[in-house]
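Q: Top line first, the protein sequences correspond to chains A and B. For the first sequence, the residue numbers in my numbering are 1 to 162. For the second sequence, the residue numbers in my numbering are 1 to 309.
What the hints contain is simulated information worked out from the structure, not anything from laboratory work. Backbone N, C-alpha and C define an ideal beta-carbon position, used for all residues, glycine too. Where hints are given, some of them may not hold.
What the hints assert, rightly or not - If we take Cβ atoms under 10 Å as the criterion, some of the chain A residues that face chain B in the derived model are: (1) I13; (2) S19; (3) L64; (4) G67; (5) N73; (6) I74; (7) I117; (8) L121; (9) F125; (10) N129; (11) L152; (12) Y154; (13) I156; (14) T158; (15) E162.
To be verified - Reference listing, derived: stretches of chain B covered by chain A, where coverage requires no fewer than 3 residues with Cβ under 8 Å from a Cβ of chain A: (16) 16 to 22; (17) 229 to 236.
Claimed, not checked - Chain A is nowhere near these chain B residues, computed Cβ spacing over 10 Å in every case: (18) L90; (19) E92; (20) F120; (21) D152; (22) R217.
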Amino acid sequence: MKPSIVWSAVLIISLILQSTVLAEINYNGIHADLLLTVVVSSSLLLGKEHGVVIGFFAGLLQDLASGTFVGMNILAKMLIGYVFGMAEKKVFKEHFLLPIISVAIATIGNSFITAIIMLLLGYRFDLLNNMIYMMIPLLVYNLILAFPIHKLIYRIHTLLKE
Amino acid sequence: MSRVRREPSSNKKIYVLVAAFTLVIILIFGAAKGKYQLPLSEKVTMTMLAPFQGIMNSVSNGIRQGTTAIWEIATVYQQNKMLKSEVAQLREIQLNTTEITAENDRLRHILDYKQSALQFDLVAAKVIARDPSNWTSTIVINRGADDGITKDMAVVTPEGLVGNVISVVKNSARVQLILDRRSSVGGLVQRPESRVAGIIAGDNNNKMMVRMVNIPRDADIVEGDQIVTSGFGGIYPKGISLGEVVNIANDDGGLLKYAVLKPSVDFQRLEEVSVIVKSREAPPTPITQPPVGSTDDKTAVNKNTGGSK
Numbered sequence: 001m002k003p004s005i006v007w008s009a010v011l012i013i014s015l016i017l018q019s020t021v022l023a024e025i026n027y028n029g030i031h032a033d034l035l036l037t038v039v040v041s042s043s044l045l046l047g048k049e050h051g052v053v054i055g056f057f058a059g060l061l062q063d064l065a066s067g068t069f070v071g072m073n074i075l076a077k078m079l080i081g082y083v084f085g086m087a088e089k090k091v092f093k094e095h096f097l098l099p100i101i102s103v104a105i106a107t108i109g110n111s112f113i114t115a116i117i118m119l120l121l122g123y124r125f126d127l128l129n130n131m132i133y134m135m136i137p138l139l140v141y142n143l144i145l146a147f148p149i150h151k152l153i154y155r156i157h158t159l160l161k162e
Numbered sequence: 001m002s003r004v005r006r007e008p009s010s011n012k013k014i015y016v017l018v019a020a021f022t023l024v025i026i027l028i029f030g031a032a033k034g035k036y037q038l039p040l041s042e043k044v045t046m047t048m049l050a051p052f053q054g055i056m057n058s059v060s061n062g063i064r065q066g067t068t069a070i071w072e073i074a075t076v077y078q079q080n081k082m083l084k085s086e087v088a089q090l091r092e093i094q095l096n097t098t099e100i101t102a103e104n105d106r107l108r109h110i111l112d113y114k115q116s117a118l119q120f121d122l123v124a125a126k127v128i129a130r131d132p133s134n135w136t137s138t139i140v141i142n143r144g145a146d147d148g149i150t151k152d153m154a155v156v157t158p159e160g161l162v163g164n165v166i167s168v169v170k171n172s173a174r175v176q177l178i179l180d181r182r183s184s185v186g187g188l189v190q191r192p193e194s195r196v197a198g199i200i201a202g203d204n205n206n207k208m209m210v211r212m213v214n215i216p217r218d219a220d221i222v223e224g225d226q227i228v229t230s231g232f233g234g235i236y237p238k239g240i241s242l243g244e245v246v247n248i249a250n251d252d253g254g255l256l257k258y259a260v261l262k263p264s265v266d267f268q269r270l271e272e273v274s275v276i277v278k279s280r281e282a283p284p285t286p287i288t289q290p291p292v293g294s295t296d297d298k299t300a301v302n303k304n305t306g307g308s309k
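Build the full structure now, drawing on both the sequences and the hints.
A: What follows is the structure in structure tokens.
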């Protein structure tokens with residue numbers, strides 16, 4: 001099967017899960033960002049060019065499905081895809097700490113980028129408070145997902161290579 | 001889609017990348033300012049995702065019902081005790097209310113007051129998906145244009161206001177919750193001696209709370225006040241419950257203050273909602289309540305009101 005079709009399917013399934021099951025188990029309205037963990041893991045395995053493209057489509061899907069602030073998640077996820085893609089050749093891909101550390105960094109980065117965009121769009125809020133309030137539950141959720149998702153993406157990646 | 005060319009000059013790649021990022025940034029600020037929209041693509045995504053979201057949602061609902069059932073069995077004794085005391089309280093209030101309703105009817109009749117409580121035509125809908133983004137608060141419901149739903153209709157539950165419809169496709173619609181940062185609803189304090197009006201908007205610092213903003217410093221509003229919709233603006237009918245004031249704080253500007261409200265609707269467990277497709281004044285003959293006890297006075301008044309309108 002063509003890799004592009006497989007990756008598209010992965011993104012769409014992630015989006016559906018994120019907007020239903022994962023959104024259901026939220027803490028104070030904050031829920032896991034499954035698409036982010038998928039973008040991080042796949043760009044770590046595929047490199048920066050693919051990382052940007054996957055980040056772009058993941059963000060696009062998320063923006064279209066939430067129907068608002070079109071472009072916010074595209075930008076954040078593209079940047080994350082690019083940055084983690086750059087690390088592709090420099091990391092040991094099977095180490096179990098890799099996805100956990102990367103997702104932690106990515107979650108903080110993603111929250112920061114989106115918060116800055118919201119501020120630039122003219123929404124007033126206490127940046128520090130908001131980061132802590134939103135980020136801690138988000139970090140917990142994303143870190144729980146990080147390792148199993150990385151394993152899964154790694155599996156898909158090796159299957160596609162064969 | 002994921003075929004980016006491998007080995008042209010790396011300069012070219014950087015140009016493409018910079019161009020892509022710039023375009024996205026223009027897109028963000030352009031779309032947010034409402035200069036243009038991507039209506040078609042959004043609607044296509046919604047239409048395509050809705051059936052899958054419906055299926056996934058029923059699965060997760062099943063799981064949740066299972067877990068809540070276990071919890072409820074464990075706490076049933078305590079709950080029963082609480083409910084009993086609540087029933088006693090409510091009975092007392094109900095007695096009072098019947099008296100007041102009768103009095104209200106009588107006074108209305110004396111004043112020949114035309115406007116009476118609105119009646120709503122509702123369409124029940126299931127929540128099939130929530131917002132995949134953490135910055136906004138919207139839900140998707142399983143009713144759409146085919147069921148007579150259009151943009152800007154108010155969405156409620158028996159507890160209070162949920163939000164309004166922001167986009168509609170054939171079989172589903174997206175509802176912006178009152179928790180969303182961009183939502184603003186006209187509200188007022190229900191207490192008869194206050195009736196202070198303000199705007200209810202999503203709280204930027206807490207996703208599950210809303211804020212009543214633009215209240216003058218000296219306005220009469222206290223913790224525990226119930227806030228209802230004011231009907232200003234025309235989207236939301238008047239008198240729908242919004243929430244209860246839990247905290248009041250001064251605005252940075254100096255002239256205004258704001259109140260933090262706990263919404264009446266439990267947004268954590270929002271499963272079914274109703275869309276108000278039509279609201280109109282009560283028909284000439286009000287629905288007569290079944291007589292409670294022997295209140296001859298009240299039935300007489302009801303008849304009177306019925307005849308006069």
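Q: Given S19/A as an interface hint, is the shortest Cβ-Cβ distance to chain B below 10 Å?
A: Since the shortest Cβ distance to chain B is 4 Å, the answer is holds.
Q: Would you check whether the claim that F120/B is not at the interface survives, using Cβ distances to chain A and the 10 Å cut-off?
A: 26 Å, holds
Q: Please check whether E162/A passes as an interface residue: C-beta within 10 Å of a C-beta belonging to chain B.
A: 18 Å, violated
Q: Given G67/A was flagged as interface, is its beta-carbon under 10 Å from a beta-carbon of chain B?
A: 5 Å, holds
Q: Has the stretch 16 to 22 of chain B got at least three residues whose CB is nearer than 8 Å to a CB belonging to chain A?
A: Holds: 3 residues of the stretch 16 to 22 of chain B have a Cβ under 8 Å from chain A.
Q: Check the non-interface label on R217/B: least C-beta distance to chain A beyond 10 Å or not.
A: 19 Å, holds
Q: Could you check if L152/A really has its C-beta closer than 10 Å to a C-beta on chain B?
A: 18 Å, violated
Q: Double-check I117/A for me: the hint is only fine if its C-beta lies closer than 10 Å to a C-beta in chain B.
A: 6 Å, holds
Q: For the hint on F125/A, does the least C-beta distance to chain B fall short of 10 Å?
A: 3 Å, holds
Q: Regarding the hint that T158/A lies at the interface with chain B, is the smallest CB-CB distance below 10 Å?
A: 17 Å, violated
Q: Verify this label for me: D152/B is non-interface relative to chain A, using a Cβ-Cβ cutoff of 10 Å.
A: 15 Å, holds
Q: Under 10 Å is the threshold here; is the Cβ of Y154/A close enough to any Cβ of chain B for the hint to stand?
A: At 17 Å from the nearest chain B Cβ, Y154/A fails the 10 Å test, so the hint is violated.
Consistency with the previously given hints fails for numbers 11, 12, 13, 14, 15 and 17, ordered from lowest to highest.
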